[in-house]
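Taken in sequence, the protein lines are chains A and B. Take 1 as the starting number for the first sequence in our numbering and just add one per residue. Take 1 as the starting number for the second sequence in our numbering and just add one per residue.
Watch out, some of these pointers could steer you wrong.
Claimed, not checked - For each label pair, taking beta carbons as the anchor points, the in silico distance ranges come out as:
no., chain 1, residue 1, chain 2, residue 2, range
1, A, Pro-115, B, Arg-182, 41 to 47 Å
2, B, Gln-218, A, Lys-8, 56 to 62 Å
3, B, Glu-191, A, Asp-80, 42 to 48 Å
4, A, Gly-76, B, Glu-145, 28 to 34 Å
Unchecked claim - Not the full set, but computed from the structure, chain B residues with beta-carbon under 8 Å of chain A:
no., residue
5, Pro-45
6, Met-52
7, Gln-123
8, Ile-127
9, Leu-128
10, Asn-151
11, Arg-162
12, Gln-173
13, Met-174
14, Gly-220
15, Ser-271
16, Val-275
17, Gly-297
Said to hold, decoys possible - Dumping the calculated BS3-like pairs for lysine-lysine here, alpha-carbon to alpha-carbon at most 30 Å:
no., chain 1, residue 1, chain 2, residue 2
18, B, Lys-61, A, Lys-119
19, B, Lys-119, A, Lys-266
20, A, Lys-61, A, Lys-119
21, A, Lys-61, A, Lys-299
22, B, Lys-61, B, Lys-276
23, A, Lys-119, B, Lys-266
24, B, Lys-119, B, Lys-266
25, A, Lys-266, A, Lys-61
26, A, Lys-8, A, Lys-266
It should be emphasised that the hints constitute simulated quantities derived from the structure, not laboratory data. By construction, the Cβ of each residue, glycine as well, lies at the ideal position given by its N, Cα and C atoms.
Number of protein chains: 2
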Amino acid sequence: MARMELTKDFANDFAARLTAVATETETLLGRLLGGEPLPGETARPERLLAAMRHAVLGGGKRLRPFLLVETAALCGAPRDGALLAGAALECLHCYSLVHDDLPAMDDDELRRGRPTVHKAFDQATAILAGDALLTLAFDILARVEVHDDANVRIALVTELARASGLGGMAGGQMLDLAAEGRFVERRALGEIEIAMLQAMKTGALIRFACRAGAILGQAGSPERASIDRYGAAIGQAFQIADDLLDVEGDSATLGKATAKDAAAGKATLVSALGVKGAHARLDALIAEADAALETFGAKADTLCAAARFVAQRRN
Amino acid sequence: MARMELTKDFANDFAARLTAVATETETLLGRLLGGEPLPGETARPERLLAAMRHAVLGGGKRLRPFLLVETAALCGAPRDGALLAGAALECLHCYSLVHDDLPAMDDDELRRGRPTVHKAFDQATAILAGDALLTLAFDILARVEVHDDANVRIALVTELARASGLGGMAGGQMLDLAAEGRFVERRALGEIEIAMLQAMKTGALIRFACRAGAILGQAGSPERASIDRYGAAIGQAFQIADDLLDVEGDSATLGKATAKDAAAGKATLVSALGVKGAHARLDALIAEADAALETFGAKADTLCAAARFVAQRRN
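Let the sequences and hints guide you as you build the complete structure.
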């Protein structure tokens with residue numbers, strides 16, 4: 001492995017940094033989802049706001065904001081703008097959870113140990129809360145507090161839209177439903193098809209988090225390419241770890257149902273590679289993440305630790 | 001009335017202008033929803049793309065793009081950028097139709113004389129198609145072809161987000177469902193509450209169309225204020241005309257079900273003002289639209305005609 005195993009001190013430092021971003025993000029999101037209408041808004045209807053707050057507040061590791069803030073720091077961007085962009089990304093991520101949990105989609109009743117939005121409220125409210133969170137993500141990214149150069153904000157808007165729309169996350173969810181055999185007869189996907197599906201469904205947003213940090217820091221092309229390579233590696237690692245947790249985890253720790261993938265006939269790399277093969281792949285992806293950031297030296301230690309965190313997480 | 005009744009020549013000219021924008025918008029949307037992935041997209045899944053095309057292509061008056069293009073022309077903005085922004089707005093409008101038609105929302109099976117997206121495809125696909133269209137709207141607005149100044153594009157992103165999210169269209173739909181008595185006991189709304197609900201649910205996007213034209217033309221504050229006043233007036237007129245059609249129209253001409261509002265117990269200004277009172281209000285709103293644009297003189301004739309078109313439409 002290109003980097004030594006983490007020392008205990010470093011691991012503590014990493015945990016502190018992760019917690020700091022999570023706390024700051026929670027505070028920011030609470031403020032962004034306040035009751036006061038902004039210029040251009042007429043009113044903020046109470047029930048819709050409550051559903052959005054339910055979807056977004058109260059937990060989550062805030063992994064995507066963390067990656068955004070840390071890549072931004074690596075590229076020398078101010079922290080406040082990165083935190084705000086991270087909050088936007090978290091709104092977008094949470095919208096996708098709300099819609100994916102709907103009965104017509106994955107039909108989940110539990111998320112982070114709490115009722116999903118359509119259970120706590122109702123389906124119509126959940127659909128609208130997801131829509132409004134998606135919209136809010138772009139609203140936030142466009143704010144001058146994210147970066148004073150409008151070209152930078154526009155680049156973030158474009159990147160987020162591409163990562164999350166037809167050719168990204170939404171498209172990936174469509175492929176995932178299709179792979180379950182909903183619309184046509186089910187057929188086993190090959191490893192390459194599964195990897196593409198997952199690159200779209202979950203990889204694209206994680207990769208965006210890293211790219212966004214580089215954009216905010218106005219990094220040069222070689223740095224951007226390195227960070228993008230890192231983002232692609234941990235995006236894959238994240239999904240494999242997630243699929244492993246569905247096999248190996250328990251629902252109490254996870255706060256959501258497990259063993260759902262096999263039951264739904266979902267295509268995962270764990271089913272394609274086996275549990276042992278999946279663990280080996282994770283090790284290879286950690287090495288790939290390290291190699292991608294080698295050019296940054298010790299400045300990238302936190303992001304290298306993040307790769308291990310993503311690959312080895314237990315919830 | 002501040003302006004003479006339309007001459008036959010002028011009416012023909014107006015119809016030609018409306019058709020031209022509709023045709024150009026259709027072409028643009030067809031191109032935007034092509035199969036080729038853009039930079040930053042992985043692939044465009046066929047079924048999702050087909051559902052998005054079903055939602056967006058093949059008809060509609062394209063009223064919002066028309067208003068955007070005509071206000072942009074009034075403010076001296078190039079037509080191509082306005083058409084592209086209009087296509088973005090139409091994607092956003094169509095997403096709202098797809099989600100509003102879902103069984104959990106208004107439960108409609110017919111739209112523009114064709115099956116709604118969840119009938120032609122399925123609910124999961126319809127939810128994702130709406131999500132992806134909403135995302136695409138921001139993707140398009142951020143493109144340099146809309147305007148070469150990133151500050152102008154960012155202003156459009158912000159305005160569209162505010163008009164369509166929690167404090168705008170999505171919030172208005174939430175209030176509308178609440179007014180039907182879904183979540184709490186139904187109570188009759190007063191005229192002011194109905195007007196606010198409608199300003200959010202349908203008014204905000206029509207008003208955005210007009211404001212966006214002024215933003216693209218980088219109009220000064222007084223011009224922006226005039227155009228905004230016009231947009232607010234025709235936004236209201238649009239909704240009253242829509243509610244009147246639900247009472248007076250027939251479903252064959254409209255291509256969707258009628259008399260649904262009363263059946264659903266919807267709060268409309270027609271029920272608050274009566275049919276005669278609603279027609280009188282429409283006349284007052286046309287006069288208000290004319291007054292708002294008086295400062296532009298004859299250059300605003302097309303937009304004044306648009307106000308009549310919106311208020312007096314039969315489908």
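Going through the hints against the structure:
1. Pro-115(A) - Arg-182(B): 41 to 47 Å: violated (18 Å)
2. Gln-218(B) - Lys-8(A): 56 to 62 Å: Given a distance of about 58 Å, which is inside 56 to 62 Å, the answer is holds.
3. Glu-191(B) - Asp-80(A): 42 to 48 Å: 44 Å Cβ-Cβ, so the 42 to 48 Å window holds.
4. Gly-76(A) - Glu-145(B): 28 to 34 Å: Since Gly-76(A) and Glu-145(B) have Cβ atoms about 31 Å apart, the given range 28 to 34 Å holds.
5. Pro-45: holds (5 Å)
6. Met-52: Interface hint status for Met-52(B): holds (7 Å vs cutoff 8 Å).
7. Gln-123: Interface hint status for Gln-123(B): holds (4 Å vs cutoff 8 Å).
8. Ile-127: Holds, because the Cβ-Cβ distance from Ile-127(B) to chain A comes to roughly 6 Å (cut-off 8 Å).
9. Leu-128: Result: holds, 5 Å to nearest chain A Cβ.
10. Asn-151: holds (4 Å)
11. Arg-162: Holds: closest Cβ of chain A sits about 3 Å from Arg-162(B), inside 8 Å.
12. Gln-173: holds (6 Å)
13. Met-174: holds (4 Å)
14. Gly-220: Because about 18 Å separates Gly-220(B) from the closest Cβ in chain A, which is outside the 8 Å limit, the hint is violated.
15. Ser-271: violated (21 Å)
16. Val-275: violated (27 Å)
17. Gly-297: Constraint on Gly-297(B) not satisfied, violated at 29 Å.
18. Lys-61(B) - Lys-119(A): violated (38 Å)
19. Lys-119(B) - Lys-266(A): Within the cut-off at roughly 25 Å; holds.
20. Lys-61(A) - Lys-119(A): Status holds; Cα separation ~22 Å.
21. Lys-61(A) - Lys-299(A): At roughly 23 Å apart (the allowed maximum being 30 Å), Lys-299(A) and Lys-61(A) satisfy the hint.
22. Lys-61(B) - Lys-276(B): Answer holds: Lys-61(B) to Lys-276(B) is near 26 Å, not above 30 Å.
23. Lys-119(A) - Lys-266(B): Given pair Lys-119(A), Lys-266(B) holds - Cα atoms ~25 Å apart, limit 30 Å.
24. Lys-119(B) - Lys-266(B): holds (24 Å)
25. Lys-266(A) - Lys-61(A): Given that 30 Å is the threshold and the Cα spacing comes to 25 Å, the pair holds.
26. Lys-8(A) - Lys-266(A): violated (38 Å)
Hints 1, 14, 15, 16, 17, 18, 26, counting from the list given before, are not met by this structure.
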